[in-house]
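Given the coordinates of chain A, work out where chain B should sit on it, guided by the hints.
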Amino acid sequence: MTNKVTKAGSISRRRLLTTASAGAALAVSPFRINLLQAEEAPIKIGFPVPLTGPYGAEAQDQVRAGQLAVAQFNDAGGLNGRKAELVVRDDKLNPGEAATRTLELVEKEKVNFVVGSLSAAVQLAINNVTKERGVIFNSISQSDAINEAADFSKYTFHEALNPHMTSGAVGRYAFAKFGKKVAFLTADYAYGHEMVRGFLEVGKEFNVENLGDIRHPLGTTDFSTLLPRLQALKPDILCISNFGRDQQIALKQATDFGIKKSIQIIAPLLSHASRVAAGPQAFEGVVGGCSFYWGIEDKFASTKAFNDAFRKMYDGKLPTDYGALGYGGVRTVLEAVKGAGSVETDKVVAALEALKYDDYKGPQYYRKCDHQSVQSVLVIKSKSKDMRNESDVFEVLSTEEPNEKYLRTCEALGHKS
Amino acid sequence: MAGLSFDLIALQLFAGLALGAIYVLFAIGLSLIFGMLTVVNFAHGAFYMVGAYVGLYLISIGGNFWICLVAVPIAIGLFGLAVERVLIRPLYGRGIDYPLLLTFGLSYVMVECVRIAFGKTGYPFDTPEVLQGAVDIGVGYFPLYRLFVIGATAVVLLALWLFLEKTSFGLIIRAGARDPQIVRVLGVDVSKVWLIVFGIGTAIAGFAGLLAAPLQGVIPEMGGTILAEAFVVTVVGGMGSIGGAVLAGLLVGVVVSMTSLFAPEMAKVSIFALMAVVLIVRPQGFFGRAGLMS
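Top to bottom, those sequences are chains A and B. Mapping of the first sequence onto the working numbering: residues -11 to 405, in sequence order. Mapping of the second sequence onto the working numbering: residues 4 to 297, in sequence order.
Treat the hints with caution; some may be incorrect.
Claimed, not checked - Among chain A residues calculated to face chain B with C-beta under 10 Å, some are:
{"hint": "1", "residue": "45"}
{"hint": "2", "residue": "208"}
{"hint": "3", "residue": "215"}
{"hint": "4", "residue": "233"}
{"hint": "5", "residue": "287"}
{"hint": "6", "residue": "350"}
Worth flagging that the hints you see were computed from the coordinates, not collected in a lab. The structure presented is a predicted model; accordingly, all values stated were derived computationally and were not measured. Each residue gets a CB set at the ideal place from its N, CA and C atoms; glycine is no exception.
Isolated chain A (complex conformation) (with noise of 0.2 Å):
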């Protein structure tokens, strides 16, 4: 690096002169569109993830799929021999980072779309900066927020499923099945909140009481001062609103201390990455929700393709949840950019507006008013016995298929119809 700045700085006039003049020649002659073709950039989309942090397990899932969505569309040919590159930044879970290293990426690397984030909060900070540059960003993590007008641009699209989903989803299998008595531990930040609304909003249609919800800050390595309090509560249902490394610790803390033996724990979304991360134990028998899950092959041709892909590319392993959303969300707009047979920003949102995709879950779109992409929300639960593989985690229980009718509707999200 500091070699090329010192061979640029003593760049000699003469040479300075032939240089510009030859590019001045260049610019005036017909050749000039076929060379500057040859030459031209990669497709470049911005990644800023929070590789560190606690929620480094998921992360580092989310770069390696949209690295294979990066690779399967250059294989392909790229868009007429342009090819595609990540740039992956770490974005510490933390929004001021978020935010100052998208405008790095938008500004320096001149990226031609944003794909990425992991955490309900860290996602708008990255919104706010594409919005106002007008750069597409595709959020592949969980946000009721993003979809709402407030936030929304026509820039923005959203490939994760948002909290109303999949707390409707697990609420709708739990409650019915568990008990109506529930209690809350919940991460205070956007996420856990807006699962506990759409909790809360499902659980009106079974008459569920909320026995109470008890907060803790992000990054908590220690919950032992919240568990009696929510074992004296005595509910059917203990709520756990985590994620990455709170969820390992709270699940592994509450086995602990016997919380199992007479409360059903359910979470909206159980990660597989944290799953691996914590082990069988902690994770025993929780049931909760996901948009993705491997062994869904059986089901859908497009999943055995991403995971046989997955496989080759990683040494055998297979993809996990957040895995499939950074493939999911790269390989969507790279798909757009194929239907539009452009990078031009206007002209790849309306290609992902019209596109209809089966990638990697079964079907999926992504609705006009707010670009959520609507799609299926899996049950799933936590075994410890059985595994046929490494990634043999979960059981799914059930699944809720693609409708609009389990998203807010347009109206109340603020968008004109």
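Chain B alone, transformed into the frame defined by chain A:
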């Protein structure tokens, strides 16, 4: 939320003491090193983390938790000896900020090395089988393993107290902390004393990391959060005072636990509020000697 019973408050108090025991175990190593060497060891959290990883490694090659309880402190203690001899010793007599900056940098190096060797994602660390599950302690159920941690902390404290107060080497350590120059004049090799104190301090840190692993799993960044809390404990207890660290550790645990009961969202802040109050009322902490930092 209703339902505040006597049992719940008692259980909450107990949970606070159990949490405090973990703080104590972590903070005494820090306090010991500071009290004797006036080295503010910012790498203490990293030693703690490496302790957990060494345990993880030993178990993966066929060891068990009980072997680790002995092997990990020895391994981390030896590592601590090497660090003191090679890195810390040249900095004695240069002002308190030199070793502080050095250990701060060292902690980054250690975390990064572990990330390279073991990866950025964490590993599960199963509670040893005989210590799994919860037992009835009269006011409610409490995890057996946490009771074991309280016991282990008590054993370490007792051993440390006996060593410092009842052995002749302990006498030299205490004298060396009070006035190294006189001890040197009396013909004692003070640098050897400091070497061993640093080794003991880091050995306890590694031991604490091993004990924490079954509670929360193992991850390269695990030393970071507890370091901040441990500094609060040492400041409240009085920098360098082991007795102060014990009292303050238990107090911080109980304060966190009781705040969690009534206002869970305030629990994290309550630690620092406690520190602020103590610093206003008694700037040197509970048992701190004034002027140690200058």
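Numbered hints the structure breaks, given as an ascending list: 5 and 6
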